[in-house]
Amino acid sequence: MLQASENDTLRQLLVDCAQGNRRAFETLYHCVSARLHAVALRCVNRREVAEEIVQESFVRIWHNASRYDPQLSAPLTWMTNITRHLAIDQLRRRHEEPLSDEQLHSLSDEAPTAHEQLASDRDAVALNRCLEELEGMQRQSILTAYFHGLSNADLAAQMSAPLGSVKSWIRRGMERLRRCLES
Amino acid sequence: MNYQSPERRRALAADYAIGLMPPTARRHFERLLDEDPELRKDLARWQDVLATLTDTLPEEPVPDHVWQAIVARIDPQRLHVPAKRPLWTGPRMAALAAVLVLAVGVGLALRPEHAQYATTLVSANEQPALRLQAFNGYLELDPLSLDAMAKDKSLELWAIPAGGKPVSLGVMPTLGKGRMKLTERQQALLGAAVTMAVTLEPAGGSPTGDPTGPVVYHGQLASL
Numbered sequence: 000m001l002q003a004s005e006n007d008t009l010r011q012l013l014v015d016c017a018q019g020n021r022r023a024f025e026t027l028y029h030c031v032s033a034r035l036h037a038v039a040l041r042c043v044n045r046r047e048v049a050e051e052i053v054q055e056s057f058v059r060i061w062h063n064a065s066r067y068d069p070q071l072s073a074p075l076t077w078m079t080n081i082t083r084h085l086a087i088d089q090l091r092r093r094h095e096e097p098l099s100d101e102q103l104h105s106l107s108d109e110a111p112t113a114h115e116q117l118a119s120d121r122d123a124v125a126l127n128r129c130l131e132e133l134e135g136m137q138r139q140s141i142l143t144a145y146f147h148g149l150s151n152a153d154l155a156a157q158m159s160a161p162l163g164s165v166k167s168w169i170r171r172g173m174e175r176l177r178r179c180l181e182s
Numbered sequence: 000m001n002y003q004s005p006e007r008r009r010a011l012a013a014d015y016a017i018g019l020m021p022p023t024a025r026r027h028f029e030r031l032l033d034e035d036p037e038l039r040k041d042l043a044r045w046q047d048v049l050a051t052l053t054d055t056l057p058e059e060p061v062p063d064h065v066w067q068a069i070v071a072r073i074d075p076q077r078l079h080v081p082a083k084r085p086l087w088t089g090p091r092m093a094a095l096a097a098v099l100v101l102a103v104g105v106g107l108a109l110r111p112e113h114a115q116y117a118t119t120l121v122s123a124n125e126q127p128a129l130r131l132q133a134f135n136g137y138l139e140l141d142p143l144s145l146d147a148m149a150k151d152k153s154l155e156l157w158a159i160p161a162g163g164k165p166v167s168l169g170v171m172p173t174l175g176k177g178r179m180k181l182t183e184r185q186q187a188l189l190g191a192a193v194t195m196a197v198t199l200e201p202a203g204g205s206p207t208g209d210p211t212g213p214v215v216y217h218g219q220l221a222s223l
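These protein sequence lines are chains A and B, in that order. Residue numbering for the first sequence follows numbering that gives the first Met the number 0, starting at 0 and increasing by one per position. Residue numbering for the second sequence follows numbering that gives the first Met the number 0, starting at 0 and increasing by one per position.
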């Protein structure tokens with residue numbers, strides 16, 4: 000989770016963007032573009048496509064900043080969802096099979112830089128602990144649905160499992176994740 | 000579907016957040032969201048939980064050209080409108096000025112109602128292309144010399160307040176001549192020094208609500 004002050008900063012930047020403030024938009028870009036790029040890359044796994052998605056995300060953020068509702072989501076959650084939806088649309092249009100999670104995992108296993116390590120350590124400990132609590136199938140179905148936008152039926156096909164099992168993995172996995180993160 | 004039991008609502012919000020709801024159910028759910036603050040809170044919690052899945056991704060710096068492409072798209076007038084030149088020095092511009100003064104004079108004499116603002120939009124190479132006058136509630140357009148245009152394109156007119164975003168005033172009449180009605184909101188945008196720009200868009204106007212094509216004509220409103 001982000002620290003409260005960072006959330007406040009991003010929220011204010013979005014308010015300023017909604018009023019047409021280009022300087023705020025540039026600051027916002029510097030704050031979050033590398034993170035949205037990471038999300039896009041995680042979804043589509045192709046650098047040139049991910050860059051296009053980042054571009055489209057920021058055009059949308061600029062034009063839709065006034066629709067951001069702080070009651071509804073944290074600012075980074077809102078922006079992440081814009082990027083993720085664009086990436087998933089792109090995947091569906093291209094009908095390309097993204098790499099499996101195992102393959103992706105091996106790709107991202109390169110040692111992170113010290114800076115990245117610090118940045119992610121701050122938030123990741125709780126999440127990693129919570130993800131580890133999930134059973135393998137729960138974790139895999141949640142990650143695949145979230146990052147690749149597969150439907151229940153596609154998930155069932157990809158994981159060679161009955162539809163009912165996939166639904167219950169996701170449902171139980173999400174409940175466990177939420178309880179764990181909120182504890 | 001029963002949306003009343005708390006478990007069911009929570010489960011549906013989870014499905015919606017992760018993206019597993021079929022389109023029809025999604026639209027239904029979005030209507031419920033509009034009316035139900037508790038459901039919105041439930042959804043927000045799920046979205047925050049799911050967003051933590053991205054926390055562990057290592058940051059990926061973005062190459063500079065991406066930012067430049069974004070700027071070009073949100074700010075088409077800055078990219079395409081040529082830099083201002085001292086227009087009022089050449090004899091051509093003096094002649095144009097005289098024509099404009101005459102045109103405005105004739106316009107005023109013939110009309111019972113006075114235009115509030117006017118401008119002559121010029122093309123990228125500074126050729127006068129279109130005369131625009133703003134009245135209370137509508138714009139009057141008179142083509143001077145418009146470039147030929149493909150049938151599957153439309154010209155769309157935008158008002159760009161200083162430092163603000165372009166706001167569409169609508170698709171122009173096919174031959175560039177006629178009236179365009181203004182809503183109160185559009186009318187309120189008009190004022191001295193507001194930039195007017197015409198972009199080339201797909202037939203029927205920009206699909207996104209923002210300019211997508213190049214600026215073909217532009218000018219600044221002046222008070223009359």
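If you are wondering where the hints come from, they were derived from the structure by calculation, not from laboratory data. Worth double-checking, as some hints may not be accurate.
[Stated by the list, open to error] In silico lysine to any residue, SDA-like type, Cα no more than 25 Å apart, as pairs: (1) LYS40/B - GLN11/A; (2) LYS164/B - ARG171/A; (3) LYS164/B - ARG10/A.
Now the hints, each set against the structure:
With a C-alpha separation of about 21 Å, the suggested pairing of LYS40/B with GLN11/A holds against the 25 Å cut-off. At roughly 46 Å between alpha-carbon atoms, LYS164/B and ARG171/A are farther apart than 25 Å, so this suggested pair is violated. Annotation: proposed proximity of LYS164/B to ARG10/A holds, straight-line Cα distance about 20 Å (limit 25 Å).
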